[in-house]
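Undergrad: Below are the chains, spelled out letter by letter.
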Amino acid sequence: MPIPSYAVTTEALDLDALVRTVSAEAAAGPIGPGAVITFVGVVRNENAGRRVLRLEYEGYEPLAVRAFERIGEEVGRRWPCRLAVHHRLGTLQIGDASVIIAVASPHRADAFAACRYVIERIKQIAPIWKHEFFEGGDVWIEGASADANDEGARDAAYRLAVGGSAAPAVPAG
Amino acid sequence: MPIPSYAVTTEALDLDALVRTVSAEAAAGPIGPGAVITFVGVVRNENAGRRVLRLEYEGYEPLAVRAFERIGEEVGRRWPCRLAVHHRLGTLQIGDASVIIAVASPHRADAFAACRYVIERIKQIAPIWKHEFFEGGDVWIEGASADANDEGARDAAYRLAVGGSAAPAVPAG
Amino acid sequence: MRINVRLFARLRDIAGAGEVPTDVPDGATVRAVWDTLTGEFPEMRVYQDSISAAVNADYSRMDAALADGDEVAFLPPVSGG
Amino acid sequence: MRINVRLFARLRDIAGAGEVPTDVPDGATVRAVWDTLTGEFPEMRVYQDSISAAVNADYSRMDAALADGDEVAFLPPVSGG
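Chains as they are written, first to last, in my numbering: chain A, 1 to 173; chain S, 174 to 346; chain R, 347 to 427; chain H, 428 to 508.
I should point out that these hints are in silico values taken from the structure, not numbers from a laboratory. No residue lacks a Cβ here, since even glycine has one placed at the ideal position from N, Cα and C. Careful: at least some of the hints might be erroneous.
Okay, derived cross-link-like pairs now, EDC-like style, lysine to aspartate or glutamate, Cα gap no bigger than 20 Å in a straight line [what the hints assert, rightly or not]: (1) K123(A) - D395(R); (2) K123(A) - E73(A); (3) K123(A) - D150(A); (4) K123(A) - D404(R); (5) K296(S) - E219(S); (6) K296(S) - D476(H); (7) K123(A) - E61(A); (8) K296(S) - D269(S); (9) K296(S) - E242(S); (10) K296(S) - D495(H); (11) K123(A) - E142(A); (12) K296(S) - E246(S).
Residues of chain R clear of chain A, computed beta-carbon distances all greater than 12 Å [as the list claims (entries may be wrong)]: (13) G362; (14) T375; (15) A400.
Generate the whole structure from the sequences, applying the supplied hints.
TA: In structure tokens, the structure reads:
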């Protein structure tokens with residue numbers, strides 16, 4: 001059964017389904033996939049020295065899906081690949097997967113770069129917030145200002161993705 | 174059922190099992206996993222302009238497992254993570270997974286770097302050979318000289334893993 | 347005109363609600379809505395320099411003009427992943 | 428003494444066999460076995476500068492001395508992954 005490339009859900013995430021989806025999409029191209037990279041974000045038992053008990057994820061669902069689409073468009077201008085992203089919301093326990101990303105590309109360098117870019121950009125612009133419950137209290141985690149048009153943030157994500165080099169100019173859009 | 178961290182097999186590869194294995198191993202540490210990266214190498218329908226029909230993988234099995242262990246030791250000296258690698262041998266069709274790698278780490282930067290390092294090192298030193306059958310003929314693919322002690326090759330893999338910076342000195346071993 | 351304000355995370359906690367139907371003058375901008383909100387909830391002013399906004403579930407500039415029935419979301423710094 | 432030579436990929440094709448039991452002088456090195464092999468199969472000489480070796484399923488230098496019963500593997504450039 002086809003699954004959406006971009007989704008937020010309160011259900012458990014299915015990595016295999018995502019891998020099958022991007023692999024099948026990539027196989028439909030003239031040059032099929034040679035590498036599939038996945039990223040799974042996992043709820044960690046420790047953050048900033050605190051013992052974490054659980055996380056509650058809140059999101060603005062339609063804009064989160066729009067953010068993933070936007071990131072997908074950014075990726076498509078830089079790396080030939082097929083991409084899928086599912087993010088979970090609600091209460092997550094230690095060890096649960098909070099986000100899964102799958103990227104299929106003819107070549108591994110592009111797949112690695114695109115996958116890293118996607119998680120960095122999700123952390124920059126996806127309208128999703130962690131409410132951390134730790135031993136002794138709770139706190140809203142606040143990271144990046146969610147400005148999707150901040151070119152500095154986009155360049156920083158690109159540099160992490162490709163490892164140190166400056167971002168070349170790409171067509172606007 | 175526990176599976177070995179390092180294996181070569183003629184059976185189809187099981188990515189989920191590898192992810193579960195490294196996640197469980199990482200969860201046993203004081204700081205649990207925050208990121209799991211996987212790499213799947215897929216038999217591509219094109220290579221160097223040739224239309225590929227299938228690949229036959231040959232390997233020297235005990236040394237291949239030893240190579241993965243060795244790569245795991247190299248990884249362990251650089252990045253805190255848990256690692257597993259399974260490589261398939263025998264006849265593979267277009268779209269089949271030839272190698273799967275899973276890396277779990279508290280932090281995503283380490284997981285990405287370790288995963289990239291592992292696939293680069295596999296291509297450098299694992300005693301495995303592709304016999305490519307393409308439209309019009311067949312050829313043994315020959316890549317890197319399989320010298321496991323070549324420090325230049327190891328540094329090159331490290332630079333690809335971390336993106337451009339030179340490899341710092343690490344304890345020998 | 348009447349718009350719907352959506353609030354998330356700590357902004358929602360401060361306001362005590364995730365949705366706040368609000369009457370604003372015709373042609374009001376996103377920033378004007380934010381200023382009204384922070385006037386009512388001074389605690390929100392810590393987000394003055396880090397706030398982002400969306401209108402009808404797409405990213406928006408703060409100087410965008412609103413229309414009747416719009417949904418305006420204020421996004422404190424995000425922490426997904 | 429008698430050793431077992433393992434050959435892979437194109438080396439195996441050239442020799443027509445993946446395992447070649449071979450008699451060598453006591454204390455022979457891996458390189459001496461390689462030289463004997465390339466003497467018998469001159470086509471293998473294209474690997475002179477790129478060949479690697481393993482003894483008893485662990486990587487070995489070419490100047491390592493062998494013992495009776497050892498398994499010596501010659502590894503042409505690899506292409507796994």
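Undergrad: Honestly, which of those hints from before does the structure not fit?
TA: Hints 10 and 15 contradicted; others consistent.
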